[in-house]
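Be aware that the sequence shown starts at 24, since it is given in my numbering, and climbs by one per residue.
Certain hints may be false.
[What the hints assert, rightly or not] Straight-line distance between alpha carbons at most 20 Å, and here's what the computed SDA-like set of lysine to any residue pairs gives:
#1 Lys79 x Gly55
#2 Lys69 x Arg43
#3 Lys79 x Ala153
#4 Lys79 x Ser68
No wet-lab data here; the hints were simulated from the structure.
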Amino acid sequence: MSPRKSAAEARLTRQRIIERSVAIASVEGLEGLTIGRLAGDLEMSKAGVLGHFGTKEALQLAALDGAADLFGQLVWQPAADAPPGLARLRAVCAGWADYLVRERGAFPGGCLFTTAAVEFDARPGALHDAVARLYAHWRARLVADLRTAVELGELPRDADPEQLAFELLGAYFALNHTLQLHADPTAVERTRRAVDRLLTG
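With these hints in hand, go ahead and build the complete structure from the sequences.
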């Protein structure tokens, strides 16, 4: 086997491990990831799984990064070409709701980041810091478009972008919980109405 082919196969195997890790973690949390479980699911040896990451924490961080990439593909990228301000915010919010609906299958157990935030919010360390950075980054993106919307006159001049971003995040946390706990068919429409109120001032 050539070194180039070997490296390509290693990348594919690593990606398979990450994809399966994301699916498991969305249901069972990042702590639910075990080398033995992954090895069994993927028909690999434990050493083969661990060899791609070195430690369980490195595997957990890789799963979190993989989930963040998927979130970006489903939520941020489709909205990237929309004009800054309300148009882009509405596109992001629509994509965010779509990605949380179970039928999409992106995260079988709901939003992995909500699960990870609950798991690690009171547990200092690399995973806590990684989750916090992701939320801070996404919040900053929302705030930037909300500020633009205020500057363009799309929202009232006295609107507080930080407060609106806080409330938007809350709406989507509520949507995730309502879908997962109650499978409420009205949850997406209720979230849409909440977002409409927030984005009309």
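Going down the list of hints, with the structure as the test:
1. Lys79 x Gly55: Between Lys79 and Gly55 the Cα gap is close to 11 Å, so the pair holds against 20 Å.
2. Lys69 x Arg43: Distance ~14 Å between Lys69 and Arg43 Cα, so the pair holds.
3. Lys79 x Ala153: holds (15 Å)
4. Lys79 x Ser68: Holds, at about 15 Å.
In summary, the structure agrees with every hint in the numbered list given earlier.
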